[in-house]
Each structure stands twice: as C-alpha cells, then as structure tokens.
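Start counting the sequence shown at 1; every next residue gets the next number (the UniProt record's numbering).
Source of the hints: derived by calculation from the structure; they are not laboratory data. A few of these clues could be false.
Below, a list of computed lysine-lysine pairs in the DSBU-like style, where the Cα atoms sit at most 35 Å apart [unchecked claim]:
#1 Lys607 to Lys595
#2 Lys56 to Lys250
#3 Lys472 to Lys393
What follows is a set of in silico ranges between Cβ atoms, one per label pair, in the way DEER data are often shown [as the list claims (entries may be wrong)]:
#4 Lys255 to Leu329: 48 to 58 Å
#5 Phe483 to Asn278: 17 to 27 Å
#6 Pro80 to Gly398: 49 to 59 Å
#7 Glu123 to Lys255: 41 to 51 Å
#8 Ser346 to Gly398: 54 to 64 Å
#9 Pro80 to Asn412: 21 to 31 Å
If you're wondering where the values come from, they're calculated on a predicted model, not measured in any experiment. Even for Gly, the Cβ is constructed at its ideal location relative to N, Cα and C.
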Amino acid sequence: MKKLSIAILSALLVTACTSTKQAATEKAAEPKTTTKVNTGIDRSVRPTPGPAPKVKITKPEEFKLANGLHVMVVENHKLPSVSFYLSMDNPPLLQGNKKGVFKMLSAIMGNGTSKISKDDFNEELEFYGANASVYASGASATTLTRYFPKVFDLVISAALDPRLSKTEFEKEKEKALENLRISEKNVQSVANNLRSALAFGKNHPYGEFTTEKTLQNVTFNDVKNYYNKYFSPENAYLVVVGDVTLAQVKKLVEKDLASWKPKGIKKVNYAKPQNLPNVQIDFIDMPNAVQTEIAALNVVDLKIKDKDYFAAVLANKILGGGGEARLFLNLREAHGWTYGAYSDISPDKEIGSFSATAAVRNAVTDSAVVEMMNEIRKIGKEPVTQDELDRAKATYIGSFVMNAQKPSVIANQALQIQTQGLPADFYENFIKNISAVTLEEVQAVAKKYFGADNSRIVVVGKAEDVLPGLEKLGYPINFYNRFGEKTGNPLKNQVALPAGLTAQKVLADYVQAIGGVQKVKNIKSVKATFTLEGAAPQPLDGEVLYYAPNLEKTVLKMNGAVIVTTIFDGKVEKTSGMMGNSEKSGKDVAEKAAKKGIVPQAFYTNKEAKLVGTTTIDGKLAYKVEVPVGDLKTYEYYDAKSKLLVQNSVSVDTPQGPMEIITSYKDYKSVDGVKFAFVVTQEVAGQKIVTTMKKMEVNKDVKLADFK
Numbered sequence: 001m002k003k004l005s006i007a008i009l010s011a012l013l014v015t016a017c018t019s020t021k022q023a024a025t026e027k028a029a030e031p032k033t034t035t036k037v038n039t040g041i042d043r044s045v046r047p048t049p050g051p052a053p054k055v056k057i058t059k060p061e062e063f064k065l066a067n068g069l070h071v072m073v074v075e076n077h078k079l080p081s082v083s084f085y086l087s088m089d090n091p092p093l094l095q096g097n098k099k100g101v102f103k104m105l106s107a108i109m110g111n112g113t114s115k116i117s118k119d120d121f122n123e124e125l126e127f128y129g130a131n132a133s134v135y136a137s138g139a140s141a142t143t144l145t146r147y148f149p150k151v152f153d154l155v156i157s158a159a160l161d162p163r164l165s166k167t168e169f170e171k172e173k174e175k176a177l178e179n180l181r182i183s184e185k186n187v188q189s190v191a192n193n194l195r196s197a198l199a200f201g202k203n204h205p206y207g208e209f210t211t212e213k214t215l216q217n218v219t220f221n222d223v224k225n226y227y228n229k230y231f232s233p234e235n236a237y238l239v240v241v242g243d244v245t246l247a248q249v250k251k252l253v254e255k256d257l258a259s260w261k262p263k264g265i266k267k268v269n270y271a272k273p274q275n276l277p278n279v280q281i282d283f284i285d286m287p288n289a290v291q292t293e294i295a296a297l298n299v300v301d302l303k304i305k306d307k308d309y310f311a312a313v314l315a316n317k318i319l320g321g322g323g324e325a326r327l328f329l330n331l332r333e334a335h336g337w338t339y340g341a342y343s344d345i346s347p348d349k350e351i352g353s354f355s356a357t358a359a360v361r362n363a364v365t366d367s368a369v370v371e372m373m374n375e376i377r378k379i380g381k382e383p384v385t386q387d388e389l390d391r392a393k394a395t396y397i398g399s400f401v402m403n404a405q406k407p408s409v410i411a412n413q414a415l416q417i418q419t420q421g422l423p424a425d426f427y428e429n430f431i432k433n434i435s436a437v438t439l440e441e442v443q444a445v446a447k448k449y450f451g452a453d454n455s456r457i458v459v460v461g462k463a464e465d466v467l468p469g470l471e472k473l474g475y476p477i478n479f480y481n482r483f484g485e486k487t488g489n490p491l492k493n494q495v496a497l498p499a500g501l502t503a504q505k506v507l508a509d510y511v512q513a514i515g516g517v518q519k520v521k522n523i524k525s526v527k528a529t530f531t532l533e534g535a536a537p538q539p540l541d542g543e544v545l546y547y548a549p550n551l552e553k554t555v556l557k558m559n560g561a562v563i564v565t566t567i568f569d570g571k572v573e574k575t576s577g578m579m580g581n582s583e584k585s586g587k588d589v590a591e592k593a594a595k596k597g598i599v600p601q602a603f604y605t606n607k608e609a610k611l612v613g614t615t616t617i618d619g620k621l622a623y624k625v626e627v628p629v630g631d632l633k634t635y636e637y638y639d640a641k642s643k644l645l646v647q648n649s650v651s652v653d654t655p656q657g658p659m660e661i662i663t664s665y666k667d668y669k670s671v672d673g674v675k676f677a678f679v680v681t682q683e684v685a686g687q688k689i690v691t692t693m694k695k696m697e698v699n700k701d702v703k704l705a706d707f708k
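My request is simple: use the sequences and hints to build the entire structure.
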C-alpha cells in the first residue's frame, strides 16, 4: 500500500493549502493605489547621516546576600508591571554518558512545589495573569505591579522547592527519546550536533550532544542529584526590572532567598579547543538528504569585553548577517543555490565560535563550498566598502535603540556587565564604539577570526550525490557518522550489488513475496480502516478505499466527526472539509492518474525502474530502486532477505526548499493471500505520522458509486 500514507497526507494538507490560496486571491483582487513622487529629490544622492542617537541606560541598584546571590534592581515606573529574572552563571560542565540530565531537569521543573500541586500552581499563575517559567538554570516572570509580591513568592518557591515528579520525568523522557529518534534522520539536526562536536570536541561541554543512548542512561535520581548539586546561589543573579523599588525587592529577597544554601560549585578545567592547521572537510553521509548542509567553522578566542568585539560583529554582519550580506547575495541572489546563507560569530568568556552556513542543493554542493570560502577569504584580504560598513553600523545602532527599553534587554545588559566582566558604562558607550569602527579594523578582525586558511568545513549530505564533487576541491576529507565517530569513505564501504541483479528482479521478488503476480493483479478493490497518530493533537480515525486502476477515497474523522474527505475519480481530485472545498486536475493529479493498479510494482515497465545500489535500513541490507513518478524521482528500498518493501523516499519542492518525505513499512500481514504493511510511518519536516491499520478487506464492498 505504497500510496496509502501519501493519500492521507494529501488529505491533511489540502485544507491549509486551500485557505492560503483563497487569501492570496482575495489580496490580489484588492484595488491598487497610486502614490505621487516628489521629483525634486535627487535619489542618486545618499542622505547624509544624522547625529548618533542617544539612549539613556538606567544603571541598576545592587546588593548581595551572604549566600552569594547578586541582586540588581532597575526601577521604571512608566507601566504598572514588573519582570524578574533569576539565572545562574555556573561554569560549563561535561555531562558525559548522561548528557541530557540538564534538559530533563528543565522539562520537569515549573510543575509546582513540594506543597503546591502542578494544577494549583498553574491556576494561581493564571489568576494573577503572570507569565512565568522555571527551569534548570533559573526562573523568570512578568506580572502586574500589584501582584508582584505574590507571583515572586510563588515562582521562587517553585525554583527553590520544586515538585520533581518521577511520573513527569518518565513522560518527558519518553517524549525526548521520541524526538531524538525522529531527529536521527533530520539532516539539519545532525548537522547542528556535528558542527559543535567537531569544532569543540566531544570531550568539551560545548561539543557534547544528547543521543538516545546518553538519555537512556539518565535516571530520575540523576536529575534530583543534579538539582541538589548545581542549583546554587553563589553563581546566581536576580535582576528585577519595572514598577518597583529597591526596598520592596530587598524585603522579598531576604524573605524568600536568604535561606538558599550555597553548594560549593567548583570549576572544572577542560582542554582548550584548537583550530586546524589548514582547511579540511569533515563529511557525514546522510543517504536521505535532498539538500546538503555546509558550514565553515572556527573556534575563536573572543570575549565581549575585548577591543575586537565591535569590529568583529560588524564584519560578521557584512559577511553573513542577513539578506544584504555577501554570502546571501552570492549563494542565493547571484547563483540561486540556496534559500539563505548566513554567518555567525559568538563571543564567549570560555571559548567562542565563528560559522558560515547554508543549505544547498546536492548538485551544487562543491560550488557552494568554493564560493563560501571565496567570500571568507575576500573579506580578510580586501577592505569592505564604506557603504557596507555604514549599513552594518546603522543596523546595529537601530536595533540597539529600538530594544533599549525592553525589560528583558535591560535585564540582560545588567547581567552581561556582571558575568562578562564588562565596564559599567559598556552599554552607555555602545553606539559610540560601534560608530568608531574603521574599514581597516573590519578587515583585520575578519582575517583574525574567520579562518580562511584553517576552516573546518562540515558537510552533511548524500555521499553518492555530493562526495565526488567535494573530492575534486583538493581539501583533505575526513568521514564521520552521526555520532561524531570516525568512519571510512561511505562510497567505498557500500555492499556491491549481486551480479546480474536488476530492478525488474527486485520488483518481481517483492510481488512474489507478498502473494504472487496473479493474486496481486487480481486485486480490484481495497477497503481499510485505520488510526492516525502525529498529525493532530489527538489520534484520528480514517477509512481509505481503492478501486482499480486508480480511484481513491480517503475520509478522516476526529471524535466521530468527518473533518476532511478526498475523492479522486481517475481525472479530478475533490476535497471537502471544515476548511472548505477544493479541486485539482491535470498536472496536479498526474501521478494518481498514471497508476495502473492498486499495487503499482506489479505494473512497472522495464523503463520505469532502475536499480541504483545498496544501502542499510534499520541495520539490514536493502536494494535501492529509482522509480520516476510524474515529475518526481522516487526511491524504493527492498529488504535483501525478506524481499519486502521497507521504505520509500521522495523529494518535493516547497517554499522553504526541497523537502524529503520518508515512508517506512512494517508489520506485514496477509489479507486474502496478499501481504500488506499494517504499520506505515511517514516522516516529513521533523514530524512523524504513524498509520496503523485496524481492518483491511480485498475485493469486498467497494463500488464505483463510492467515488462520486
């Protein structure tokens, strides 16, 4: 039933597409207006910049408790609200084979206190209209002034005396494990993990990442022990911003936080990550990748308090800080290889990082790497233009001015001054220091920090599509798996196809394995009921009908009520549901119209299928068959031993770029002598949709009239 999950997915998505199309049509129909232009203005002359804006930075009033808690209060009586932020600046800690304990602690905090249940806690916050969060490194809340004392008491109690429930832990752990299982095949997730692991090393806190194995190691006792050991006041800061006085805050803090006992946290020193002596490529093979994730990385010894900081952030802005930056203009605007290319420089008091990243089409991966490295080299070799520098400065200054009065920004600035060792007037002089950066300084920091001569180029993609081109670039290439462990060249590790094996033989073996060509071709109709999980907040019930050669009908229900019905009568597909009606025909339904039978493999011609290689699916050898379906290129994977179809993948174009849809088939059961997969799992854009068959009937109770 290869088409079953695709039919269901189409039914789910069509309502959203219909409403979007309708909105776009209505907008296009709006009357156009004409604006007269003042022709006395010479547009070729760039306006001269006005004086730099001045921003008043309110300095916090401060005090410290005997337990080490540092409190900062910024009074602002314009609005009757107060925000407070409790955070801990603990030194980095390697979690090792229990990586994930910090994440699990955050997941189960904020569920009340030892004396207040989760429901009562949430109800009380809702009563006060407070927005609050409690997590492994602190807590925060925003509330009206009149409720501030009560909300403060409540949230601080949840932080210092949390209700840590084993039941909640088990539930959150299972959710996290499921997300990790899904992310195993998500190219972007793997790329993010491996970039950190390879740049910093897996034995550094910044380089380790959570895996299913490390999270399985985490117990409820580990989480409680972590809290008891590291939720401590000696590295903690409390910032209070808003309609409040120092005296009010001091009274509350001494009442609620003075008894908080320090834990004696000690800093652990780790080996300092080092950059490479020269440029190299680190390659991770993802056979399901329809786009390649590329990144040029370096670790940088750059802190916010350093003199280079202001020039470095401007250089980064010019290189890859948005739609007007060089990487974007080159890789997207000039070449059309990607939907976006960006760079980032992250100062840190321990060790920082620089990265330039893009997700590009497989076919242009090598070219994109070349152009990315060209831009990184160029900005360090040649001065940027005055116009580029002026625009970068204007962007930073504009953002700084616009956000200056936000409570979260005020709190963060006060915190940064303390935790990053900044001078007290750092933010007062921010605009002045940004404005003072010169062209020469931008070039110097780009050369110093962007690593044109020693970049680690991390490439995560489909080896058979992109590796031959990368090998021609002349850079050394190392190979890793998704855990950051060294491996061999994936193209040399592939199991060779058996001599004489063809796509037609693989398909014939599959048809024979599920019941034989005669029985399969004699299937005139199929009726199935199923449950669908993952597509909505609660499971859906559904029914699908097939009538040979190509008629389909899918009905989805929630709580017994029909939410969407899709019918294809061989020429036109009609959808009706809660979001309205829609209709498709012609090219939009070419794939369905071309079907020659309910089990399409029994009807493929010699020209329609091509055996392209071997791969591993769930640890087992599988044969990969390419099948053109309309304008799409579909890959089907057949288990070498059982001969059954175990996976299908297809790439579709979306506004966000190419998207891979992976469908897995398991739990084959015989229905009237023909085997069907009773569990069909579809993964798309990080979402997992599981269809479980409840009942299936062949050649029974399906009529042409059902498709009217």
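Verification of the hints:
1. Between the alpha carbons of Lys607 and Lys595 the distance comes to roughly 15 Å, so the proposed pair stays at or under 35 Å and holds.
2. For the hint linking Lys56 to Lys250, the alpha-carbon distance of about 25 Å falls within 35 Å, and the restraint holds.
3. Restraint check for Lys472 and Lys393: not satisfied, since their Cα atoms lie roughly 39 Å apart, outside the 35 Å limit.
4. A beta carbon spacing of about 57 Å between Lys255 and Leu329 agrees with the range 48 to 58 Å that was offered as a hint.
5. Judged by the Cβ atoms, the range 17 to 27 Å given for Phe483 and Asn278 holds: they are separated by roughly 26 Å.
6. Take Pro80 and Gly398: their Cβ atoms lie about 29 Å apart, and the range 49 to 59 Å is violated.
7. Checked against the hint of 41 to 51 Å, the pair Glu123 and Lys255 fails, with Cβ atoms roughly 23 Å apart.
8. Hint check: Ser346 to Gly398, Cβ distance near 22 Å, so the stated range 54 to 64 Å is violated.
9. Look at Pro80 against Asn412: about 22 Å separates their beta carbons, and that is inside 21 to 31 Å.
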